[in-house]
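Trainee: Heads up: the protein sequence lines correspond to chains A and B, in order. For the first sequence, the working numbering begins at 333 and goes up steadily by one. For the second sequence, the working numbering begins at 16 and goes up steadily by one.
Because the hints were derived from the structure by calculation, they are not lab data. There may be inaccurate statements among the hints.
As the list claims (entries may be wrong) - Calculated lysine-lysine pairs in the DSBU-like style (CA-CA distance at most 35 Å, straight line): (1) B:Lys102 / B:Lys85; (2) B:Lys136 / A:Lys420; (3) B:Lys177 / B:Lys72; (4) A:Lys410 / B:Lys177; (5) B:Lys72 / A:Lys345; (6) B:Lys72 / B:Lys98; (7) B:Lys173 / A:Lys377; (8) A:Lys389 / B:Lys137; (9) B:Lys102 / B:Lys72; (10) B:Lys102 / A:Lys401; (11) B:Lys102 / A:Lys410; (12) A:Lys410 / B:Lys126; (13) B:Lys126 / A:Lys400; (14) B:Lys173 / B:Lys85; (15) B:Lys77 / A:Lys420; (16) B:Lys72 / B:Lys85; (17) B:Lys98 / B:Lys177; (18) A:Lys410 / B:Lys85; (19) B:Lys173 / A:Lys345; (20) B:Lys102 / B:Lys177; (21) A:Lys345 / B:Lys177; (22) B:Lys173 / B:Lys136; (23) A:Lys414 / B:Lys173; (24) B:Lys77 / A:Lys345; (25) A:Lys345 / B:Lys102; (26) A:Lys414 / B:Lys72; (27) B:Lys98 / B:Lys173; (28) A:Lys377 / B:Lys137.
What the hints assert, rightly or not - Which bits of chain B does chain A cover? Going by a derived footprint, with three or more residues having C-beta under 8 Å, they are: (29) 31-41; (30) 82-92.
Positions of the beta carbon are idealized from the N, C-alpha and C atoms, including for glycine.
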Amino acid sequence: MRTSLIETERIEKYIHPQGNVGDRLLIEARMQIDGELAERVASQKQTYQIIREYGRKQFRAEICQVQKKVFGDSAYKKFQTKVRSYFKF
Amino acid sequence: MKVIEVIEASETTREVRFTQLYLNIFPVVARFISRNGGSLEEAQDTFQEALLIYYEKVVINKFEPTCGDKAYILGISRNIWLKGQEKSVKTESLGNTDVSENLVDQLASEKLWLFLQEAGKKCMDLLQSFYYEQLSMRELSSRFGFGSERSATVQKYKCLEKVREQVQTKSLTYEDFVD
């Protein structure tokens, strides 16, 4: 792996504590003197949150597709009639 | 069948299982919401949210509902609906809240879409499979056709670095993506 990817991996282990304690302390110490590294760590934290939000959106879209199918496809007529009958006032 | 099996299966099988969840559980949720004065659209929104929470609790957090899957999804749906009702009573006096919230949602989605075009959908799909769905490197290799777990690991870090650079350059924050 190229050097920058090794650093990305180390940052990941620092953010999601695992592996060698010494490596984590080293990152922490380097951040004190290297502002750019500190920025990369902060951005990587944001990136994990954005990825999770993206995952949620993908999953939600998948559920929406299924919902569209069961409420639109004539193969599910019985289900549609049953559900709609609950909302006739 | 538990959602954990649903998620691990192929996309087609997953669709079949979600369809079963709709056919078997949604009518009960719909009847509950109807009896409490809600609409079909509200029942659909509630159920979507319940399935999402169920997935995250059971698959991501490895939670095993003791009451069984059906009762658990019904319980989540009921809680979402009741909480939503409390919230709407509290915000009723705030006037046109829905309109401004929709505008914020729209802006967030547009930002996300633009971001993904630049960062690359393939990378985001790979990253979400690992960090959100929590697939193992073996499963990741198989889903994305990598020759080895090592290749998948390298690609994962390349993608992570690429997206991180986009985040850093554009000073994006998590809040930019939340609906």
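Trainee: Let me make sure I understand: some of the numbered hints might not hold for this structure. Which ones are they, in numerical order?
Mentor: 2, 4, 12, 14, 15, 17, 20, 23, 25, 27, 30
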